Amino acid sequence: MNIDQLLEILKGELVTECEKEEFCIERGFASDLMSDVLTIPSTDKLALITGLSNLQTIRTAEMAGINIIIIVRGKKSTPDMISLAEDNDIVVIETPYSAFHTSALLFNAGIKPLF
Amino acid sequence: MHFEYHVESGDFINAGSTSSAVKKTLKQLNVDSSIIKRTVVALYEAEVNIVAHAYKGTIYVDIDQEAITIRLVDEGPGIPDIDKAMEMGYSTASPSVREMGFGAGMGLPNIKNNTDRMSITSKVGVGTTVEIYNKLQ
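As you go down the protein sequences, you meet chains A and Y in turn. If you read the first sequence in this note's numbering, its first letter stands for residue 1468, the second for the next number, and so on. If you read the second sequence in this note's numbering, its first letter stands for residue 621, the second for the next number, and so on.
Excised from the complex, chain Y in its bound form (with noise of 0.2 Å):
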């Protein structure tokens, strides 16, 4: 199975629509229910990094037997220095992202810590892909 969704910068009202539209998939196939938080939460905080700090992007979504790979694809200002970002509560967020529980540095940490396999590329100007796969048996 394959699915994209489109992400805008910003949109704070329909961040999360994605992660919940997978979540809702991965029900139906009857996925381990801890397997499909793993998976939401880490998917749910990739999809909120992309409206915070990039100008749009986009998720594609596979789906097979064995699991799920997510390709989250922005256009941004791309991450200088990637092992810094990945240190717990480094944030470069704005005061409007942390106004909405968000923006203290844990979300790439968490990422990681949900999921089987996690990457990140980035290209400081051009934007940022994060690739997350987790097994679903």
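This is chain A alone, in the form it adopts within the complex (with noise of 0.2 Å):
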């Protein structure tokens, strides 16, 4: 799935840089606790569903080596946030749908579940 795709199928907005051309989604993991999120393995093209909106969410998708980060339910990143996203070429979306409505959405669009 595309940037355009996905910011149509979420009401998303993009709030970092984005290199078009390259972005791609294929699986999605949802959670609230980074501790979890630093579990999982390395997977490419993977999108963090969270509805946690700060500097550790960013910081966590780092270690974990996620590149996509979507931020549920309408809240907001601050602009340390974006900077540090963009910095370490993670791309930020926010949708106004929950964590479990956008994984649903994404879900019937053929995103795949990481397990």
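These are computed hints drawn from the structure, not numbers from a lab. All values reported here derive from a predicted model rather than from experimental measurement. Just so you know, not all the hints are guaranteed correct.
As the list claims (entries may be wrong) - Pairs of lysine-lysine residues, derived as DSS-like cross-links and limited to a Cα-Cα distance of at most 25 Å, are as follows:
1) K676(Y) with K704(Y)
2) K647(Y) with K1512(A)
3) K1512(A) with K657(Y)
4) K1512(A) with K743(Y)
5) K1579(A) with K647(Y)
6) K1512(A) with K1487(A)
Starting from the two chains in their separate frames, assemble the complex, guided by the hints.
Structure, rendered in structure tokens:
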């Protein structure tokens, strides 16, 4: 799935820079628990779906090698988060939908679960 | 190569900055990406533990051609029962730490899972030292 399709499905807003030609999402993992995110195996084209919107969300993605974060429930990213994400080539998208709704929409659109 | 980083209690703004710096260094050294990930996940968990539980700490990083050795030395309350602390799900984290997405009792087991060797020594009322060792080849 490319970035335009993702934004349309999630009524999402892209809040970081994004290399549109290189962007691709194939799998998703939803969690608000960053300790849990840090246990998942390295997976390309994986999106983290989370309601946790703070600097440690970005740091966790950086350490876990995750390059796409979808922040749910209309929560907003701070300028510090956006800056840190862009420094690490992480794309951040905000959606008004809940984590459950976001996951369902992506699953129905062919995005696979990690487990 | 030797580096030292200082970590302050409760500083969740900068928590992870040491792990980020080490990740960049290992990338520059062309270390295998899976080894980088294991190392920085373990280091990040341990770094967050200092921010979450200790009063302050210092992280000593030594890298040679064969391995990376990291010592995280904190001044803090210490761990009364290390075996208990290593159990999955056991945590003494505060609500504010949990709000940051941590404190589920997964950190120390995850450090162990991501290292070739890990050791913890602790003295109640003094502090804790965590040592992490990963081969780079």
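### Task
Against the structure, test the hints numbered earlier, and report the numbers of the ones violated in rising order.
Going through the list in order, the structure violates hints 4, 5 and respects the others.
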